[in-house]
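Number of protein chains: 2
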Amino acid sequence: MPTSGNAVIGQSGGPTAVINQSLVGAVYALQASIAANENKVSKILGAHHAVAGIINDDYIDLTDRDPDFLDRLANTPSSALGSSRDKPDAAYCQRIFESFAKQDVRYFFYAGGNDSSDTCRIIAEMAADQGYDLTAYHIPKTIDNDLMVNDHTPGFGSAAKFVAQAFMGDNLDNAALPGIKINVVMGRHAGFLTAASVLGRRPGTDDGPHLVYVPEADFSEEKFLADVQRVYTKLGRCLIAVSEGIHDADGTPMMVKLQEDVEQDAHGNVQLSGSGALGDILSDLVKTKLGQKLNQKLRVRADTFGYLQRSFVGCASEVDQAEARRCGHEAVKHALAGDHKSGSIAMIRQPGSDYKIDYQRIEIKQVAALTKHLDPSYITDGCDIAESFVHYAAPIVGELPVIETF
Amino acid sequence: MPTSGNAVIGQSGGPTAVINQSLVGAVYALQASIAANENKVSKILGAHHAVAGIINDDYIDLTDRDPDFLDRLANTPSSALGSSRDKPDAAYCQRIFESFAKQDVRYFFYAGGNDSSDTCRIIAEMAADQGYDLTAYHIPKTIDNDLMVNDHTPGFGSAAKFVAQAFMGDNLDNAALPGIKINVVMGRHAGFLTAASVLGRRPGTDDGPHLVYVPEADFSEEKFLADVQRVYTKLGRCLIAVSEGIHDADGTPMMVKLQEDVEQDAHGNVQLSGSGALGDILSDLVKTKLGQKLNQKLRVRADTFGYLQRSFVGCASEVDQAEARRCGHEAVKHALAGDHKSGSIAMIRQPGSDYKIDYQRIEIKQVAALTKHLDPSYITDGCDIAESFVHYAAPIVGELPVIETF
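Residue numbers (the working numbering), protein chains in the order written: chain A, 1 to 406; chain B, 1 to 406.
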């Protein structure tokens, strides 16, 4: 006899353009099970602000939401249920079980990145330890694209599309009013999103970004300045993509190295987003060290793309949307099948020239609290991204707008 | 007998998403005149990097460019000919005439904002003084929307659409992970673009931005902090739009007041864009003054939208595109008609409920070096934008993506 009870879905960590697709994919699959009288799920509950909502018995009933509403919700960026950055400890998890028991929750779905999958893993393990019958599935999500096992993650394609379109436009801007321009892209430990800055470069042109710095390559001020000088001397301009998480050879983030006041969040991470400091520091560095050498009137500017990368409306990748929806569906399918008490869904790319994704159930511990990095072969000379990365990322991002120049 | 010679087109100042539409609109009209054997224009020359290209005899021949190329170019953001921030003095203008005489240039079209229209005016007046037969027309362009006489300017609608979509997304992000978020929007003296932050707010919701600060209302730190505290206390979050050009009651920009090191550009303007400093300063102010009072773990973040507002590909307003194209066309039409040796094109909105624009020839001096400001009736309580502004701006921006929330 199958486990019967209620289902809770939560959305954790940073929002993305498609995390509501995963929510809606899961809701549709659960509604289908209810409609088929499978006697597994009674109510579908959304955790309002993730684990923080659960411990306060704060749920949004999703059981009878109609498809028109759900489809509009799926196409809306950000986490519609609300998110949380709480990282539950043992006492916190105990309160989660109390709420689950009170609500007769037997299925738990948690969409998030590597921190969030670890939360899901802890809850699943504690449930097993305490003999509480719970099936817990992690649904992959992160614009950072840094989950192990997965070819890529839901959220990355849309954020990458935003970054690519931003660089396409800023490259044209930099060509119109030449100077040195530094754009800081999200990415604490993994450089996938920063690498996406090259996706709109047209072969055989002098399109930028001309320099790309990712956390996977140690950052050196000396090399950076030499790179900038080389490009500027050749082209009379230089467009630069920089991950917020670039660090020196000792692993010290440049943000920390170059700035005294830093703020730490609840996970013990230094605040890298939501501030223009890194861009401004690098901009000052170039002005100070190269201004005299290259051009007295050197224009050096920095922009930090910030939260727009994950939240901008009207720029989602259609492939990303469909895949995120499917991940929500697959998590429910495996959970209701009842073969395993926990798992995560991984997107595996099939070999061959055509782009095709397999959705496989894996153990949560295969992704929890681990970070995937850019393959070293994608990084050239420590300051650029290889064409092989474009082949990898282009199908995930989809078609980019056509541009023309003289 | 009409004046006969060559035509030069230049693009000046900051790029926009639609300045290439104006270029192409002018080129098509000039090509039509050539095709009709009107014997007014022989060659159509693009000034490579505006006035800086002219004094170096650096032109791109546009005479025989085919429509497929031109249509792709029109849909590409930024200034395809290249721009310049040079502000010509008398000696510089003399070099412009020397180049014009050498190239037999008799028609000059210059797309730009108020600084650029002033350049166009000076060149037209010097031509008249020196007895050089030149017809000079200014084509309106600026994302700031601050040209006098005009209902609005080409470039504003697309930049406003970007800002509106950015705030729509960031409002959802701020609702998912509540805190205080400050977004800095371009606008040195005029707050139109910052006001566009409200265009995606849905009536009857708690959608942000909840506070909007524009240069037309004096900025006071005390009022700002009180406003933020009031909104945060009520909603548990606060999304704020701030013009880069906000200033105190004495007219001192907050950027200057709050920061020691400032950089000035060739026009004597303080650098406000291409830096995250203002956002970070305001963010620190809120953390320092309200952190203890409101919430020890208060999340305060700032993003500066930067050059994306004028250059992002794939986000142009269709209305803006069509109007910019038409302005280029109208400038050529009036110049070739030969009734005036100079002029500018103004977009005048017809009275009535339907949105309709008249294109009128005006004197350059009606727009040159002047700044239009937000009507005071659009600003409420010094910290918000009235619904009347939405009625004004919505037809210019066009439809925004549909979003859904619980």
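Check the hints yourself; a few may be wrong.
Result set (DSS-like, lysine-lysine): computed pairs, CA atoms no more than 25 Å apart in a straight line [stated by the list, open to error]:
hint : chain 1 : residue 1 : chain 2 : residue 2
1    : A       : 287       : A       : 297
2    : A       : 372       : A       : 356
3    : A       : 297       : B       : 87
4    : A       : 356       : A       : 102
5    : A       : 234       : A       : 257
6    : A       : 223       : A       : 257
7    : B       : 257       : B       : 234
8    : A       : 257       : B       : 223
9    : B       : 223       : A       : 87
10   : A       : 287       : A       : 257
11   : A       : 287       : B       : 87
12   : B       : 289       : B       : 223
13   : B       : 223       : B       : 257
14   : B       : 223       : B       : 234
15   : B       : 257       : A       : 87
16   : B       : 87        : B       : 365
17   : A       : 356       : A       : 341
18   : B       : 257       : A       : 287
Because the hints were derived from the structure by calculation, they are not lab data.
Hint by hint, here is what the structure shows:
1. A distance of roughly 10 Å separates the Cα atoms of residue 287/A and residue 297/A; the hinted pair therefore holds under the 25 Å criterion.
2. Our distance criterion of 25 Å between C-alpha atoms is met by residue 372/A and residue 356/A, whose separation comes to about 21 Å.
3. Between residue 297/A and residue 87/B the CA atoms are separated by roughly 15 Å; this keeps the pair inside 25 Å, and the hint holds.
4. Taken as a hint, the residue 356/A and residue 102/A pair is broken in the structure, with Cα atoms around 42 Å apart against an allowance of 25 Å.
5. At most 25 Å may separate the alpha-carbon atoms for a hinted pair to count; residue 234/A and residue 257/A exceed this at roughly 30 Å.
6. Of the pairs offered as hints, the one joining residue 223/A and residue 257/A holds, with about 16 Å between alpha carbons and a cut-off of 25 Å not exceeded.
7. As the CA atoms of residue 257/B and residue 234/B are separated by approximately 30 Å, the hinted pair breaks the 25 Å bound.
8. For the hint pairing residue 257/A with residue 223/B, the CA-to-CA distance comes to about 36 Å; that exceeds 25 Å, so the pair is violated.
9. Among the hinted pairs, residue 223/B with residue 87/A is inconsistent with the structure: their alpha-carbon atoms are about 36 Å apart, more than 25 Å.
10. Proximity of residue 287/A to residue 257/A is assessed by CA-CA distance (about 18 Å); at most 25 Å being required, the pair is judged to hold.
11. Distance check on the hinted pair: residue 287/A and residue 87/B sit about 23 Å apart at the alpha-carbon level, within 25 Å; holds.
12. Straight-line distance between C-alpha atoms of residue 289/B and residue 223/B comes to about 12 Å, which keeps the hinted pair within the 25 Å bound.
13. Only pairs whose Cα atoms come within 25 Å are accepted, and residue 223/B paired with residue 257/B is accepted, the gap being roughly 16 Å.
14. A hinted pair counts as satisfied when its Cα atoms are at most 25 Å apart, and residue 223/B with residue 234/B qualifies at roughly 17 Å.
15. A threshold of 25 Å between alpha carbons decides the hint, and for residue 257/B with residue 87/A the separation of about 40 Å lies outside it, so the pair is violated.
16. Of the supplied pair hints, the one linking residue 87/B and residue 365/B holds, its CA atoms being roughly 17 Å apart against a limit of 25 Å.
17. Taking the CA atoms of residue 356/A and residue 341/A, the gap is about 28 Å. The hint is violated against a cut of 25 Å.
18. Note on residue 257/B and residue 287/A: the hinted pairing holds, with a Cα-Cα distance of about 22 Å set against a maximum of 25 Å.
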